[in-house]
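Asks: Listed in order, the protein sequences are those of chains Z and E.
Going by the working numbering, the residue at position 347 of the first sequence is 347; the numbering climbs one at a time, nothing skipped.
With positions in the second sequence counted from 1, the corresponding number in the working numbering is that position plus 387.
The set of hints was computed from the structure by calculation and includes no laboratory data.
Some clues are possibly wrong.
Think about it this way: if two alpha-carbon atoms lie no more than 27 Å apart in a straight line, the pair counts; the simulated BS3-like pairs of lysine-lysine are [stated by the list, open to error]:
1) 500/E x 644/E
2) 308/Z x 589/E
3) 90/Z x 589/E
In silico negatives: residues of chain Z with every beta carbon more than 10 Å from chain E [what the hints assert, rightly or not]:
4) 17
5) 150
6) 218
7) 271
8) 275
9) 305
10) 327
11) 348
In silico negatives: residues of chain Z with every beta carbon more than 10 Å from chain E [what the hints assert, rightly or not]:
12) 88
13) 112
14) 296
15) 350
Where a beta carbon is used, it is the ideal one built from N, C-alpha and C, also for glycine.
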Amino acid sequence: MARETEDLAQFRAELRSWMEENCPQEMRDGGNTEGNICWGGKNWKFQSEAQKTWLERCVTKGYTVPTWPVAYGGAGLNRDQEKIFHEELKRINGRLPLQSFGIWMLGPALLHFGTEEQKLHYLPPIARGEIRWCQGYSEPGAGSDLASVQTKGEDKGDHWVINGQKVWTSYADKADWIFALVRTDRDAPKHKGISFILIDMETEGVSTRPIRLISGASPFCETFFDDAVVPKEQVVGEINRGWDVAKYLLTHERTMISGGGQGLGGGRSLGAVLSEEEHGLEDPVLRSDAMRAEVDALAISLTLERYKDMAEAGQGTGNASAMLKYMGTELNKQRHELIMAAGGSDALEWDDGRAPNWLRTKANSIEGGTSEVMLGIISKRVLGLPG
Amino acid sequence: MAKLVKSEEEVMLADAARGFLDGAAPVAHLRGLRDAGKTHDPSLWKEMADMGWAGILVPEDAGGSDMGYAAAAVLAEEMGKTLVSSPFLSTAVIAATALRQVADDRAKDALSKIASGEITYALAIDESNKFDPQATDLKAEKVGNGFRLTGEKRFVVDGGLADRLLVLAKTDAGLTLFDIPADRAGVERTPQSMIDSRDAAKVAFDGVEANGEDVVGNVDDAMSVLKPALEAGQAVLAAEVAGVAAGAFGMTVEYLKERKQFGVQIGTFQALQHRAAHLWCETEVTASAILHAGRKLDEDPENATLAVSLAKARATATASLAVREGVQMHGGIGMTDDFDMGFYMKRARVTAEWLGDYGYHAAQVAKLRGF
Ligand SMILES: Cc1cc2nc3c(=O)[nH]c(=O)nc-3n(C[C@H](O)[C@H](O)[C@H](O)COP(=O)(O)OP(=O)(O)OC[C@H]3O[C@@H](n4cnc5c(N)ncnc54)[C@H](O)[C@@H]3O)c2cc1C
Chain Z
1 MARETEDLAQ FRAELRSWME ENCPQEMRDG GNTEGNICWG GKNWKFQSEA QKTWLERCVT
61 KGYTVPTWPV AYGGAGLNRD QEKIFHEELK RINGRLPLQS FGIWMLGPAL LHFGTEEQKL
121 HYLPPIARGE IRWCQGYSEP GAGSDLASVQ TKGEDKGDHW VINGQKVWTS YADKADWIFA
181 LVRTDRDAPK HKGISFILID METEGVSTRP IRLISGASPF CETFFDDAVV PKEQVVGEIN
241 RGWDVAKYLL THERTMISGG GQGLGGGRSL GAVLSEEEHG LEDPVLRSDA MRAEVDALAI
301 SLTLERYKDM AEAGQGTGNA SAMLKYMGTE LNKQRHELIM AAGGSDALEW DDGRAPNWLR
361 TKANSIEGGT SEVMLGIISK RVLGLPG
Chain E
388 MAKLVKSEEE VMLADAARGF LDGAAPVAHL RGLRDAGKTH DPSLWKEMAD MGWAGILVPE
448 DAGGSDMGYA AAAVLAEEMG KTLVSSPFLS TAVIAATALR QVADDRAKDA LSKIASGEIT
508 YALAIDESNK FDPQATDLKA EKVGNGFRLT GEKRFVVDGG LADRLLVLAK TDAGLTLFDI
568 PADRAGVERT PQSMIDSRDA AKVAFDGVEA NGEDVVGNVD DAMSVLKPAL EAGQAVLAAE
628 VAGVAAGAFG MTVEYLKERK QFGVQIGTFQ ALQHRAAHLW CETEVTASAI LHAGRKLDED
688 PENATLAVSL AKARATATAS LAVREGVQMH GGIGMTDDFD MGFYMKRARV TAEWLGDYGY
748 HAAQVAKLRG F
């Protein structure tokens, strides 16, 4: 192995002892699952004292958002240090202290498009887990064709009046704020009349209604705007140029959904998971399918690494996130098919937990842009195919 | 580990290779060889050796440039793109890696002759229709101070024309690797006419005499020299195969933009767009496995097996898809010999088998991942 530079080795050593001292035992249970995520927010109820302690300690070091600048609540880590951070966290089987749409999506967009004032105002509460965000993109008539959103914002001088409906807003009923795509110029071509607006969910006229999913749990909502009054300055980027912000944010969302960092079973071998079943990998067809899936999972994980290395070297392109999202989510669905197959009738009971996870993965290739939309982006933007 | 991005040096090497190969060895070169009933062009190999390619894995004190496996993979990928026929893999990668595991003068001499392009090698390993070194049955019987080799090898790639053969044989208490000249008494070579128009042969050993000098490494311990050589061969071959996929894919995307039916370019049809886009995704994912395998062999060779098998498995699968889609999306013309796609399809099939097929390498991955 190439040896780490002295600086990095020292960073690793310090981080290791910090984690040893500060990560509570209960937070070292093998990493994150859908059910144990700390989402933060005004209404967040910690699942344990340890979850709270771990968050607070990480906040003081900026480790909830390790790569964000220190001024906005991060730790200012570079890519090498970030890698080490995740390696060390994995070494102690530690959970991430905080996850949220603010971290995955809005944060990167604000860092890129926000004014200094906006960054200082919105980013630190995300880093501290105080404000939870949700995403108001999709509408009943605007799914894959996202740029046709109709929710409208009227310019009233110092404020907007917003009317319309969003759908599929994940965790809207739990979130404190929403970032929304709003049509602010009805006469412009569809991509040129959208603004990216930040809205407090407590604003009068904003309401939500839950949607039940096939996987049972229901963190999804319809969100309604009924003459909601929003201060004018809560626009990110230029007015009517929100599509640029929206697209940039989507590249981060897609990389995240692809498994960036912790998906694909958190690096756990599918063979190891399936071997624990009553009949393990006895079935030759299951075994062969699982072997293929494992080969693909390892190669896709390496691809996530490679694209991060490329981004750091200034060779990244946003279109690549479409590839990561497509490959990562299709594989994740396949993985859960195999988990169900290996589980047999045991996995069919609701309480077992595997079925809801399996059902939930079906959304991976829909949310954040469908697989078909990803392939469309690649064929046009990467391959330059006509039409 | 070094970053999973090609270094500036690697990019320059690729560009230089591409520049040379586009002139000296486009697919038409392979076609020309085939039409002339040949499988190899010694003058092309001489030029490659003069550019330092033959010595890319030879230590500097033996006249090589010792640039490492990731660099060798970069060259192989470029060769794959235009199906360049040369003994690069057998000689400059497999034989050079085996020989450099041994620190004696004989090995050093052989390495310097590899680097200068003076000698070529082939690895004689397969005895059945599948790669399985552990099942080696060719016997090297102990006779006095030496050995007598009896048995048969097949699918000896580059074996019809190579100057020397690395032969894996069974000895009293294990396997032993021999390095013997291909014209030694008792060696009989029968060329195999392969679909990819490249050199391969069956080699019969009828009581071939060998002595201690001919053993690479130690008797009964072939694997300590052969394992690194095989892994190097598999990883660099995977890179070549990724190049084959890239070559076929490039032609296909061009054709989608060019060919018209129903009054429009066929690339406007979403059914084809999505398949092409999917194929691109597969090639990108495979590229990561290839680069990673090269880095692993350069930096942590003792623990590279998983990375290498991952690369060979992925490359095999991707190239297979690329050539199948390549023919299909070209329609009838894809089936004609006048058109190059067939050459890609045949090379992809041969390389799929060489040094372990998809099943072999997927099984390696599974084993190392606790299946
Ligand atoms: C679990 C879940 C969580 C979500 N969370 C959020 C959220 O928090 N915030 C938010 O804003 N949105 C969210 N979404 C919405 C998601 O982004 C949309 O569902 C998605 O963009 C697809 O839109 P649609 O559902 O209208 O499907 P449609 O666009 O109606 O698609 C239907 C089918 O047609 C295909 N199709 C559409 N256009 C094309 C084309 N050009 N070529 C080929 N095929 C095409 C699609 O691929 C799909 O198979 C969520 C969705 C799910 C399922």
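Asks: Please confirm whether residue 88/Z is truly not at the interface, meaning its C-beta sits more than 10 Å away from all C-beta atoms of chain E.
Replies: The claim holds: residue 88/Z sits with its nearest Cβ about 16 Å from chain E, beyond 10 Å.
Asks: For residue 327/Z, is the shortest beta carbon distance to chain E beyond 10 Å?
Replies: Per Cβ check, residue 327/Z is inside 10 Å of chain E; nearest 5 Å; violated.
Asks: Tell me if the straight-line CA distance from residue 90/Z to residue 589/E falls inside 27 Å.
Replies: Measuring from Cα to Cα gives roughly 51 Å; hence the hint is violated.
Asks: Need the status of pair residue 500/E, residue 644/E: alpha-carbon distance at most 27 Å?
Replies: Roughly 47 Å separates the two Cα atoms, so the pair is violated.
Asks: Can we confirm that no CB of chain E comes within 10 Å of the CB of residue 150/Z?
Replies: holds (26 Å)
Asks: Grab the minimum beta-carbon distance between residue 350/Z and chain E and tell me whether it stays above 10 Å.
Replies: holds (29 Å)
Asks: The output says residue 275/Z does not contact chain E. Does that hold with a beta carbon cutoff of 10 Å?
Replies: violated (7 Å)
Asks: Please verify that the nearest CB of chain E lies beyond 10 Å from residue 112/Z's CB.
Replies: holds (22 Å)
Asks: Report holds if the minimum CB distance from residue 17/Z to chain E is greater than 10 Å, and violated otherwise.
Replies: Holds, because the least Cβ-Cβ distance between residue 17/Z and chain E comes to about 24 Å, which exceeds 10 Å.
Asks: Measuring Cβ to Cβ, find out whether residue 305/Z lies farther than 10 Å from everything in chain E.
Replies: Violated, because the least Cβ-Cβ distance between residue 305/Z and chain E comes to about 6 Å, which does not exceed 10 Å.
Asks: Take a quick look at whether residue 308/Z and residue 589/E sit within 27 Å of each other, Cα to Cα.
Replies: violated (47 Å)
Asks: If we take the beta carbon of residue 218/Z, is the closest beta carbon in chain E still more than 10 Å away?
Replies: Holds, because the least Cβ-Cβ distance between residue 218/Z and chain E comes to about 32 Å, which exceeds 10 Å.
Violated hints for the displayed structure, listed by number in ascending order: 1, 2, 3, 7, 8, 9, 10 and 14.
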